[in-house]
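Here is what each chain is made of, one letter per residue.
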Amino acid sequence: MNFINYLSERPKLTQLGIVLIVFFILMSMTGLYHDLIVERHLFAKSVVKGEIQSSVGFAESMSMILNWQLPPQLVRIPELTFYHPVINTSATYVLIALLVTAGLLYKSFAESVNKSQWLRVNWFQIISKGFVGIIVGLLFIPTLYNWFFGEVTRSTFWEIPFMLQDFSQYLIFEFWQTPVYDPEIEDYEDYGRVRLFTRAIGVTLLFLINLVRELLIGGFETVVSLANVFSDQSGWDWLNENKDKWYSSVPAIPWTVLTAGAFILGYKLQGVGLSILAGFSCIYLAVFGQWEPAMQTLSFVLVAAPVSCLSGVIWGVLAYKSRTVERVITPLLLIAQTFPHFAYLVPVIVFFGIGDHAGAVATIIFATPPMIRLTLLGLKRVSPEVSDAGRMSGCRNYQLMFKVLIPTARRDILIGVNQVIMQCLAMAVIASFIGAMGLGFNLLLALNQLRVGQALELGICIVLIAVVLDKLSLAWADKQTDYFADLSFVERNKTALLFVAVFFAAILFAWFGNWVFADTAKGINYFYLIPHNKGITTEPFWQAGVDYMVSNWRAGIKIFNTWLLVEVLMPMKASFLAMPAIATFVLTMGIGYIIGGIRSAIVVGLFMLFIALTPWWERALITMYMLTFAVIVSVVIGTIVGAICVQNKRATKFILLVCDTFQTFPSFIYLIPVIMLFGVTDTSVLIAVIVYAVIPPTRYTVEGLRNVPESLLDAGDMSGVTKLQRMFKIEFPLAFPHIMLGVNQCVVFALFMVIIGAFIGTEDLGQEIMQQLFSGGNIGSGLMLGLCVAFIGLAMDHLIQTWAEKRKTLLGLS
Amino acid sequence: MSDQQPVIKCDSVYKIFGKNAEKMLQDANGKVVAAEFQKAGCVVGVNNASFEVNKGEMLVVMGLSGSGKSTLLRCISRLTDATAGNIYIEGEDLISMSDKELIELRRNKMGMVFQSFALLPHKTVLENIAFPLQVKGNSTKDSIKRAKDMVDLVGLTGRENYFPRQLSGGQQQRVGIARSLAVEPDIWFLDEPFSALDPLIRKEMQDEFLRLQGVLNKTILFVTHDFDEALRLADRIAIMKDGIIEQLDTPANIVLNPETEYVRKFTEDVPREKVLKIKSVMEPVGDETDFSDLRVSEDALIETVAEAVLGDPKSVPVLNANDDIVGVVHSSKVIHVLFGENSTLESNA
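Chains as they are written, first to last, in our numbering: chain A, 1 to 814; chain B, 1 to 349.
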């Protein structure tokens with residue numbers, strides 16, 4: 001029996017085979033319910049209407065299974081009634097309890113070293129294990145039985161969103177009230193302190209954002225806020241009375257000043273290269289008429305990014321100092337990694353309302369976790385000798401932290417800063433959903449009007465701001481002081497003096513501009529501020545390009561699109577939806593078991609169970625279908641492109657640059673051209689997802705292949721391998737763990753984009769989140785949906801990470 | 001010497017890692033057997049270490065990796081707290097010091113050099129050296145000035161503004177040495193300072209170190225796994241194995257009279273002429289009066305004078321530092337020390 005031998009030598013393959021066979025058997029057993037679950041809503045509706053039962057009793061279930069038909073509770077997990085624990089002391093359950101206890105005790109006995117003494121030493125164990133046995137046998141299993149085969153009473157899990165919603169309302173309005181004087185009704189009114197607190201945060205952030213913003217482009221809100229504080233009247237009244245005074249608004253700084261400042265700062269911090277990059281970026285913003293929104297975004301980032309960095313470092317340090325903080329924070333950080341952007345917005349709206357400050361809060365919440373993670377990582381990686389050296393130099397605790405540990409962990413912390421800046425700008429668009437002004441808001445408008453050219457220009461603005469801020473912050477951190485130069489005051493402060501000179505020159509210049517441009521029809525002073533959309537634009541060019549594509553390629557694309565939808569995507573979606581819940585569990589937990597043993601199986605199973613218990617199981621299946629398709633295609637494309645590019649040094653450099661650019665590009669932009677070409681279909685969403693998610697596998701493939709030790713390649717060459725053999729026998733196997741990390745990243749990226757795809761029109765979890773957002777937000781649903789998405793990501797993440805780790809250990813790479 | 005207080009005094013110091021280390025140590029009643037502790041999940045780092053180091057003396061702690069030598073050093077610098085025992089620094093009880101006193105002690109009396117240099121990557125050579133001074137609260141100007149002197153002392157002039165990553169290993173360790181000396185410490189700890197360096201550089205750094213010690217005359221605790229290095233540098237050597245100090249003696253005594261099997265294994269292949277000084281082979285002046293015209297110093301290594309002594313049929317008088325004759329050395333004695341134990345003829349006879 002060659003076949004049996006073959007299998008017994010490969011236990012993992014056998015296990016996989018068994019899992020797949022069981023899976024397909026279960027898939028074939030949906031029978032009665034097949035049509036109901038393939039149409040997303042029908043099953044739930046039929047249950048509500050009473051056409052089908054959501055669960056049937058044990059005996060009936062068994063007879064159904066014997067007739068090759070899964071009972072309904074295994075097709076769609078019924079609503080959990082965990083308010084109704086069942087205690088059953090019938091003989092069967094007592095027996096189960098005894099068996100469990102005996103099993104646990106036997107295990108403990110078998111593992112003990114000193115067997116003769118066991119009973120005397122472990123009397124406590126007997127009690128505790130007996131207790132576990134009773135709980136499992138008399139409570140847990142009867143409850144489970146009742147849940148699956150008993151009467152469904154009332155869902156409580158499905159009510160969690162509403163409970164959370166009620167709780168948050170209570171927290172905001174009724175919890176811990178205090179009377180506050182309200183000038184409008186001229187009386188005291190009770191306010192919840194939580195609301196006052198969040199409002200205070202919001203007002204502070206708003207003031208800061210407005211202050212920076214109005215220094216950059218002028219305005220009167222800051223003056224109003226200050227008037228609110230310093231005068232008895234309302235700030236707006238004060239403003240109306242003093243409208244004509246010079247101090248009633250903050251004047252803008254001419255764009256030329258900032259541009260010159262960018263040139264000078266770039267030069268001062270690093271040199272000519274950075275100077276040119278920073279300066280020309282400013283010129284780009286001004287010339288393309290995006291100065292005002294860009295400054296709005298910048299003001300937003302200049303407030304949100306430092307706050308994120310600071311709180312990230314603080315929490316990172318706390319986690320480093322205290323094991324408890326670390327233990328609490330780690331799972332939160334994990335969830336934050338895959339929690340979709342949109343889902344953050346719902347609670348933020350509820351607690352902070354709408355506006356720039358809400359956007360800033362969402363951005364801060366979103367951008368802080370990576371900073372915490374990297375700070376903690378960096379601090380942990382500081383060599384113990386360096387910290388010893390600090391202590392032996394006589395550092396106090398704070399000196400050790402701020403002068404030794406944090407600066408030494410600087411590399412990782414700076415990567416954190418980079419991440420924060422990128423996240424802030426990534427959030428620029430999403431925050432505009434809840435009222436943040438700036439480039440993101442304009443980009444959203446351009447998207448709605450399907451104006452490709454403008455969206456592209458705006459996208460480039462965002463990328464430029466991101467890149468310049470990133471490089472400036474890096475250069476600033478690398479700055480060093482020269483202790484020997486004995487310089488005069490002028491020499492030491494020459495950049496500052498130069499800036500002051502430029503400042504006045506540019507203001508004079510702007511003043512002259514009043515005359516220079518006075519005669520032109522538009523009357524715009526181009527030396528002062530270039531109003532929004534009054535600069536040059538390349539839009540007609542891009543529009544022509546898109547028009548050309550639409551008119552010439554559309555027919556061909558339509559054929560392809562129809563084929564893809566009909567032949568691939570719809571069947572795939574249908575088969576995902578046709579999975580009975582039990583089959584999904586067998587598949588995911590089975591794979592978990594094969595990869596990481598019983599622990600992984602349980603972890604993945606719990607993630608899936610959470611999703612299955614929510615009302616959004618079907619939507620989650622659709623998310624999974626899109627995710628699966630996108631990840632497979634992205635990984636295939638990414639590894640192939642990466643493998644090809646790595647053959648040539650220049651191509652490698654080029655592809656890494658492309659990866660960097662595409663990664664900073666606001667993901668929304670990918671949506672427009674595909675909508676125009678593919679219409680509002682799943683294809684559009686998937687293409688946008690793939691374009692974005694293909695970056696990590698490409699990058700990690702390139703890095704992985706490049707980092708294969710030279711000596712191994714030489715060894716291969718000396719054994720006389722051909723180029724192809726070298727690639728498939730040496731390079732790929734060794735680079736595999738690293739490539740898997742790319743796949744992991746790919747899953748996260750794809751998940752984000754699939755959710756954003758709701759903007760085009762999907763019917764997955766993202767759509768549900770969008771609806772929560774636009775309907776004012778049920779905080780509970782928002783959070784639960786976010787968790788569903790996060791758990792899909794985490795389950796995949798867990799499986800891939802575990803596998804990669806095992807491979808790494810096997811290869812001796814870790 | 002005897003009435004002078006030892007700079008470092010260790011009194012039955014134990015360091016045991018693990019959960020119930022203290023309780024287990026109490027139960028063990030002073031008799032610690034590493035294997036038993038290991039069974040209970042504890043690792044014995046230092047096992048009953050007692051010794052003294054006097055002012056200006058260099059004690060080299062030598063042992064292979066895992067012997068507990070670095071742990072001993074860390075206990076004495078209190079980077080880790082000893083599980084039991086007493087440590088006195090210039091008569092003051094180190095164990096009972098508050099954090100504040102400890103910081104004061106480290107700021108003024110201790111300097112330490114690390115195996116992998118442990119330089120701060122974000123600071124230049126000069127800033128690294130000035131760091132302990134700045135931490136102390138000295139003004140930047142003073143600190144930098146002092147650091148500049150230290151740069152000259154360790155021969156790195158011209159590289160003040162380099163970052164550690166721009167320096168070679170040897171140069172980095174010079175910075176480490178300069179940093180540890182910046183506060184003018186009385187006690188100097190060196191934790192395998194030259195182990196990460198290439199053999200040639202290591203030799204060069206050892207010479208440099210001896211030169212510095214000649215100038216500064218610090219009290220030194222030097223940890224190494226290299227027996228040759230220990231012989232070359234030490235006034236006294238403590239050889240450690242599994243946390244226990246196997247033998248603590250002068251290099252010559254260790255080479256000539258290894259106390260345990262373990263120590264003997266190290267001394268076997270040591271070229272004696274490179275270790276032993278004339279002092280250890282000379283005999284008291286007897287009745288003979290027919291001396292050679294040659295004179296050798298008692299501190300000379302045998303290697304350096306062997307040729308002359310062996311070429312002389314008469315006994316050679318040995319002089320001490322004051323040029324008094326303190327003994328004689330005869331060529332037969334030198335031959336015995338050099339070749340005696342390895343002679344197969346003797347054993348065949």
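These aren't lab readings, by the way, just hints derived from the structure by calculation.
Bear in mind the structure is a predicted one, so any value in this text is a computation, not a measurement.
Where hints are given, some of them may not hold.
Derived DMTMM-like pairs: lysine to aspartate or glutamate, alpha-carbon spacing no greater than 25 Å straight-line [stated by the list, open to error]: (1) K55(B) x D207(B); (2) K148(B) x D388(A); (3) K109(B) x D478(A); (4) K268(A) x E22(B); (5) K380(A) x E192(B); (6) K19(B) x E326(A); (7) K145(B) x D478(A); (8) K380(A) x D207(B); (9) K136(B) x E385(A); (10) K109(B) x E22(B); (11) K274(B) x E259(B); (12) K100(B) x E385(A); (13) K19(B) x D81(B); (14) K39(B) x E22(B); (15) K141(B) x E326(A); (16) K403(A) x D207(B).
Okay, the calculated bits of chain A under chain B, using three or more residues with CB under 8 Å as the criterion [to be verified]: (17) 378-389; (18) 397-410.
A virtual CB, placed ideally from N, CA and C, is assigned to each residue, including glycine.
Hint by hint, which ones does this structure get wrong, listed from lowest number up?
3, 4, 8, 10, 15, 16
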